[in-house]
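Q: The hints should help you fit chain B onto chain Z, whose structure is shown.
Each chain is listed here by its residues.
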Amino acid sequence: MLDTGETQETLLEVNNIEVIYNHVILVLKGVSLTVPKGGITALLGGNGAGKSTTLKAISNLLRSERGDVTKGTIEYRGESITDLNPAALVKRGVIQVMEGRHCFEHLTVEDNLMTGAYTRGDGKGAVSADLEMVYEYFPRLRERRKSQAGYTSGGEQQMVAIGRALMSKPETVLLDEPSMGLAPQLVEEIFEIVKGLNEKEGVSFLLAEQNTNVALRYAHQGYILESGRVVMEGLASELRENPDVKEFYLGVSEEGRKSFRDVRSYRRRKRWLS
Amino acid sequence: MSADFFYTVEVIINGLMTGVMYSLVALGFVLIFKASGVFNYAQGVMALFAAMTLVGIQTGQVPFAHLINTIFGTHLHKFGWEVPTLLAILLALGVMILFAFIVERYILKHLVNQDPIILFMATIGLAYFMEGFGDLMWGSEIKNLDVGLPQGGNIWLENATSDWADGFYGFYLDNLDMWATAIAVVLVASLIVFSNYTKTGRALRAVADDNQAALSVGISLRTIWVIVWSLAGFVALVAGIMWGAKSGVQFSLSLIALKALPVLMLGGFTSIPGAIVGGMIIGVGEKLFEFAVGPYIGGATENWFAYVLALLFLVFRPQGLFGEKIIERV
Numbered sequence: 001m002l003d004t005g006e007t008q009e010t011l012l013e014v015n016n017i018e019v020i021y022n023h024v025i026l027v028l029k030g031v032s033l034t035v036p037k038g039g040i041t042a043l044l045g046g047n048g049a050g051k052s053t054t055l056k057a058i059s060n061l062l063r064s065e066r067g068d069v070t071k072g073t074i075e076y077r078g079e080s081i082t083d084l085n086p087a088a089l090v091k092r093g094v095i096q097v098m099e100g101r102h103c104f105e106h107l108t109v110e111d112n113l114m115t116g117a118y119t120r121g122d123g124k125g126a127v128s129a130d131l132e133m134v135y136e137y138f139p140r141l142r143e144r145r146k147s148q149a150g151y152t153s154g155g156e157q158q159m160v161a162i163g164r165a166l167m168s169k170p171e172t173v174l175l176d177e178p179s180m181g182l183a184p185q186l187v188e189e190i191f192e193i194v195k196g197l198n199e200k201e202g203v204s205f206l207l208a209e210q211n212t213n214v215a216l217r218y219a220h221q222g223y224i225l226e227s228g229r230v231v232m233e234g235l236a237s238e239l240r241e242n243p244d245v246k247e248f249y250l251g252v253s254e255e256g257r258k259s260f261r262d263v264r265s266y267r268r269r270k271r272w273l274s
Numbered sequence: 001m002s003a004d005f006f007y008t009v010e011v012i013i014n015g016l017m018t019g020v021m022y023s024l025v026a027l028g029f030v031l032i033f034k035a036s037g038v039f040n041y042a043q044g045v046m047a048l049f050a051a052m053t054l055v056g057i058q059t060g061q062v063p064f065a066h067l068i069n070t071i072f073g074t075h076l077h078k079f080g081w082e083v084p085t086l087l088a089i090l091l092a093l094g095v096m097i098l099f100a101f102i103v104e105r106y107i108l109k110h111l112v113n114q115d116p117i118i119l120f121m122a123t124i125g126l127a128y129f130m131e132g133f134g135d136l137m138w139g140s141e142i143k144n145l146d147v148g149l150p151q152g153g154n155i156w157l158e159n160a161t162s163d164w165a166d167g168f169y170g171f172y173l174d175n176l177d178m179w180a181t182a183i184a185v186v187l188v189a190s191l192i193v194f195s196n197y198t199k200t201g202r203a204l205r206a207v208a209d210d211n212q213a214a215l216s217v218g219i220s221l222r223t224i225w226v227i228v229w230s231l232a233g234f235v236a237l238v239a240g241i242m243w244g245a246k247s248g249v250q251f252s253l254s255l256i257a258l259k260a261l262p263v264l265m266l267g268g269f270t271s272i273p274g275a276i277v278g279g280m281i282i283g284v285g286e287k288l289f290e291f292a293v294g295p296y297i298g299g300a301t302e303n304w305f306a307y308v309l310a311l312l313f314l315v316f317r318p319q320g321l322f323g324e325k326i327i328e329r330v
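Which chain is which? The protein sequence lines are Z and B, in order.
Sequence positions in the first sequence follow our numbering and run 1 to 274.
Sequence positions in the second sequence follow our numbering and run 1 to 330.
Chain Z with its partners taken away, still in its complex shape (with noise of 0.2 Å):
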């Protein structure tokens, strides 16, 4: 089941991208990678790794941010996207969900997710079936749909976010970070959502996480990132059986718990990763 995303065809190709922040920083080393229709597959790594600024690279996020793609390809349904700008991205089906849960603090939860059909031009009756699509998968917002998005909880800004995205009818959702300061269980809840649209709506997910475990069991296939390049990509399964992956991200190893003087070999090992 978990291999399904390998046969189908190629929504999303990332082809050995250099970004640069503000002319001089140097974020992204050569990131190559490809998004499978129908999968969900996980961007790993840890703390400024390079995972959102991916993300920001194939929705164009980044040119607001002072970043700029130097190097590379970037191409959706075989066409180049990398020029344009984030509004003809929407309508082409590609939406982010922006890291750290950016809501419309004081539009009401509905005002919020209806923002996310700005750019669509196919009537309200299909718009407001949608708005009900999103109440069911996020009953929690049908309830909470008058009050300001301000005012509700960090799980619920989360939904939020989401449901705006799949407002915008997307065929492939840029997910950062959705674990991000929830609690876990609120984590699995929002993963089981994430999953439920990918199975039943038939929507692509590119999902950057640092939560390695969580995402590992529920994406189809994965690539880690660290300091700005791919080290190690392949099936969600194969990834969570290999030791390296095992020791570095998962926190586990074959020899057990490790005591202070494995550090000098830890590093050496992890070497070659990066």
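No lab work stands behind these hints, which were simulated from the structure alone.
Errors might be hidden in some of the hints.
Restricting the straight-line Cα-Cα distance to at most 20 Å, the calculated cross-link-like pairs of lysine to aspartate or glutamate (EDC-like) are [said to hold, decoys possible]:
1. Z:Lys29 x Z:Glu9
2. B:Lys109 x Z:Asp68
3. B:Lys199 x Z:Asp111
4. Z:Lys200 x Z:Glu136
5. Z:Lys146 x Z:Glu110
6. Z:Lys124 x Z:Asp111
7. B:Lys199 x Z:Asp130
8. Z:Lys200 x Z:Glu132
9. Z:Lys91 x Z:Glu75
10. Z:Lys91 x Z:Asp130
11. B:Lys199 x Z:Glu132
12. Z:Lys37 x Z:Glu201
13. B:Lys78 x B:Asp146
14. B:Lys109 x Z:Asp83
15. Z:Lys195 x Z:Glu171
16. Z:Lys29 x Z:Glu65
17. B:Lys199 x Z:Glu110
18. Z:Lys200 x Z:Glu188
19. B:Lys199 x Z:Asp122
20. B:Lys109 x Z:Glu75
A: Relative to the frame of chain Z, chain B by itself:
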């Protein structure tokens, strides 16, 4: 009822109407501040420029006449035609919308993601540029703006109420002020409907809250900025018409912006109804204060009363009466 009572009522009504005139200017500030967090220093000059453009178009003035005459040695001044008021207003509005496009294209676009203070500095530069540009385009002499609104006191009302009390000569209300009030009410109502019940209005509010997130759902910030500056230009035109008709189109018109500041502090920088209510409170407050206390302390209290009131508000309610609460979750 005594004459004093009716005089007080008259002062209050006049205060309300003066307040609405302040609100007209304050509205423009609110629109831009809400959408981009930028205090647009140029709002007052925009009102002046809009009024100048309207007069220029209406009276068939040749734009840049001085410049052309100096370079080519010609003696152009007027085209020799007069444009009907309504058409002239529409053309002036067109100029303000064009202006919004130019501001977006040549200023805002290059300042994306900069601190608000940098944008504020840009609007200061813009204000002085426009001031000079307006003079160059239409000349710097004082102009008379007549859009056909009735001027002077309302005689009918004065006669109708003159025998309400001994020693009372009837309510003296300025026709122009009454028109301004009515227009402001319509303007505010339509702005509120626009911002709360339309898709573009919702997008405006979204951009005001979090422009990165707005960008991520496919709202184009550049389009929104053009819309907001066009709206602000429209409001500036209305304010320019009202103030220009009241006191002539001249440089001091751009200083009414200073009167809008206390209105904003009172009503809140982010609230459209707040701008109106704030203006009314300031208008009534300063008229009543002048009427009741002024004579004992030598008068001219209208010059400073509004600022003192605004200061008091800053101490006790910094976000203003209707300002959006700063939502902070712990």
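Q: Now, for every hint given, state plainly whether the structure supports it.
A: Tested hints:
1. Z:Lys29 x Z:Glu9: 26 Å, violated
2. B:Lys109 x Z:Asp68: Cα-Cα ~17 Å, so holds.
3. B:Lys199 x Z:Asp111: Judged against 20 Å, a Cα distance of about 10 Å means the pair holds.
4. Z:Lys200 x Z:Glu136: 12 Å, holds
5. Z:Lys146 x Z:Glu110: 7 Å, holds
6. Z:Lys124 x Z:Asp111: 14 Å, holds
7. B:Lys199 x Z:Asp130: 16 Å, holds
8. Z:Lys200 x Z:Glu132: 15 Å, holds
9. Z:Lys91 x Z:Glu75: With a Cα-Cα distance of about 15 Å, the restraint between Z:Lys91 and Z:Glu75 holds, given a limit of 20 Å.
10. Z:Lys91 x Z:Asp130: 16 Å, holds
11. B:Lys199 x Z:Glu132: 18 Å, holds
12. Z:Lys37 x Z:Glu201: Within the cut-off at roughly 12 Å; holds.
13. B:Lys78 x B:Asp146: 17 Å, holds
14. B:Lys109 x Z:Asp83: 17 Å, holds
15. Z:Lys195 x Z:Glu171: 14 Å, holds
16. Z:Lys29 x Z:Glu65: 18 Å, holds
17. B:Lys199 x Z:Glu110: Holds: B:Lys199 and Z:Glu110 sit about 13 Å apart, inside 20 Å.
18. Z:Lys200 x Z:Glu188: Measuring from Cα to Cα gives roughly 18 Å; hence the hint holds.
19. B:Lys199 x Z:Asp122: 14 Å, holds
20. B:Lys109 x Z:Glu75: Answer violated: B:Lys109 to Z:Glu75 is near 27 Å, above 20 Å.
Violated hints, in rising order: 1 and 20; the structure is consistent with all others.
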